[in-house]
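Trainee: Given chain Y's structure and the hints, the job is docking chain A onto it.
Number of protein chains: 2
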Amino acid sequence: MEVVIVGTVAFDDLKTPFGEREKALGGSATFASLACSLFSKASIVSIVGEDFPKQHLDFLESKGVDTKGIVVKKGSKTFHWKGEYGSDLNSAKTLQTDLNVLLEFKPVLSEKQRESDFLFLGNIDPDLQLDVLSQMKKRPGLVVADTMNLWIGIKRDKVLEVIKKVDVVLMNDAEARQLFGTKSLVESMKKIIELDSKIAIIKQGEYGSVLFMDGKYFSCPGYPLEDIQDPTGAGDSFGGTLIGYLAKTKDFSEANIRKAIVYASAVASFNVEGFSVERLKEISLADVEARFNEFRDFVKF
Amino acid sequence: MEVVIVGTVAFDDLKTPFGEREKALGGSATFASLACSLFSKASIVSIVGEDFPKQHLDFLESKGVDTKGIVVKKGSKTFHWKGEYGSDLNSAKTLQTDLNVLLEFKPVLSEKQRESDFLFLGNIDPDLQLDVLSQMKKRPGLVVADTMNLWIGIKRDKVLEVIKKVDVVLMNDAEARQLFGTKSLVESMKKIIELDSKIAIIKQGEYGSVLFMDGKYFSCPGYPLEDIQDPTGAGDSFGGTLIGYLAKTKDFSEANIRKAIVYASAVASFNVEGFSVERLKEISLADVEARFNEFRDFVKF
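Residue numbers (the numbering used here), protein chains in the order written: chain Y, -5 to 295; chain A, -5 to 295.
Treat the hints as calculated values from the structure; they're not laboratory data. Please note that a few of the clues may not be correct.
Said to hold, decoys possible - Cβ-Cβ distance ranges computed for the label pairs, FRET-style:
#1 Asp281(A) x Glu220(Y): 30 to 40 Å
#2 Asn287(A) x Leu124(Y): 39 to 49 Å
#3 Gln172(A) x Glu188(Y): 34 to 44 Å
#4 Glu248(A) x Leu279(Y): 24 to 34 Å
Stated by the list, open to error - Examples of chain Y residues lying across from chain A (beta carbon under 7 Å, computed):
#5 Val66
#6 Pro215
#7 Pro218
#8 Ser247
#9 Lys253
From the three backbone atoms N, C-alpha and C, an ideal C-beta is built for every residue, glycine too.
Next up, chain Y with everything else stripped away, as it sits in the complex:
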């Protein structure tokens, strides 16, 4: 089943304790669609400038990603983000953001995309996320959205509306506390459930992620990595895998969502082993399956 992925396609300038890259392929839709395509066909809705190399589009297509929905805007430049990670790799310091073509981003879904049963709303303005949702001919079977501290800070009400309307909003621990003013993880998850959301998933960076659903709690550990080269895109590849796996299996039971989270953690852990999409470029489903099985051993007692 095809998954529609709305988000950014970007150039990233990255600096981490392990090295640096300039104008590397990035953006939430890029990471999410590559991760998704390990399990299900992904179809991107995004925008780039005319400086965006055709080779990147060809690369995405070679991975089975449908890029027809990426508008190439004449006379504009691609969204450009420059960030640096210190020895604490959990949070990036943004050095420069050139929104460029993103200022004109008004996602318009194709007829076919409006009929999709699986929709991933990458980390963009919640107003745009709601607009995309309103374009769907019917409510998709599963909608997963991502968000971030920026939107929680300036558009809190809209973020809450997104949580109400979609099935899963991905947040990390700190974002959930910021959004709800809660003190504990459990309190945050209860707030999400109260908002008419059946599924609460909270990401905890290197510590893993947790799920609260149907009155049950699930904890997935972080994959024990010695070197994290570049955390950029980890959240996007987590989200892309989650929806990709669920679109493939079409089973939204709590038990299967646990599996989806473990797959998502596995792919995200590969993502951070290299800069940009370097690792996502290389890995196969067999690699992901192997890591999935490692997670089983990590938690056995």
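Mentor: Frame of chain Y, contents of chain A only:
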């Protein structure tokens, strides 16, 4: 099998977002011995002042803790700690420390204690920890030690010596990074193993704890608590349970140490549900078993 527990017995003045207590029973040996006694007989080596109420000793004895090794020092006052936790309950702010009788603490083990097969060295000066170890007639079957950032800062070499000489040194994530200058959890665990230690356990507060042993990695989640009343003693009750369970089962295999860690996490999670020893006072082994089984459900996929 009896476990010898060397550490502090203290008065704590506590303030958390959930309330406050004055002159509450505290100290590393107190928490560790109460936790241990859920599984194995504990025998404390510690010191208090003449202001220490007999009712506290009676309480410990009623829980099966041998308090004969707690020296009551005439003319001296009990060690007194005053601390406050903010909304981030992970770290305490020390407001006042009156070492009092602790300045004279030179632990001397009884003949019987020197023959024990299980020794827990609470979070005290690493020089004292090494001195206690040298008093043992033979190397105990299992020695677990606790430490903290203070000792890593001022007596780093001694802490490293303790790690070399004992079986398990309990540290949290930040302490391990401080001790070894490492960037990642995996790197820290490798450093511990390199120091001729077979077992590396790192505590991660609310996120749980991890084990690296025999080339295998184990991750135990944190118990999902909505309200943490008072985190004081969580690390001590974790350590006390760990050694208490291993003394009872006498099985130091990697598989059994995983179980010990889950029991330790369960007891520590009860500990923080109340102030001081309020919850440890109430719980039974059946309560702990029930929570142990909950952990199985938390990680199943």
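Trainee: None of the hints should be skipped; say for each whether it holds.
Mentor: Hint check:
Under the hint 30 to 40 Å, the C-beta atoms of Asp281(A) and Glu220(Y), about 38 Å apart, fit the expected range. For Asn287(A) and Leu124(Y), the hinted distance range of 39 to 49 Å is satisfied, since their beta carbons lie about 43 Å from each other. The supplied range of 34 to 44 Å is met by Gln172(A) and Glu188(Y), whose beta-carbon atoms lie about 40 Å from each other. Evaluation of the 24 to 34 Å hint for Glu248(A) and Leu279(Y) yields a pass: the beta carbon distance comes to about 30 Å.
Restraint check, Val66(Y) versus chain A: the minimum CB separation of about 40 Å is more than 7 Å; hint violated. Proximity of Pro215(Y) to chain A holds as hinted, the smallest CB-CB distance being about 3 Å (cut-off 7 Å). For Pro218(Y), the suggested interface contact is upheld, since its CB lies about 5 Å from the closest CB of chain A, less than 7 Å. Hint status for Ser247(Y) relative to chain A: violated, with the closest Cβ pair at about 12 Å, above 7 Å.
A cut of 7 Å between beta carbons decides the hint on Lys253(Y): the least distance to chain A is about 5 Å, and the hint holds.
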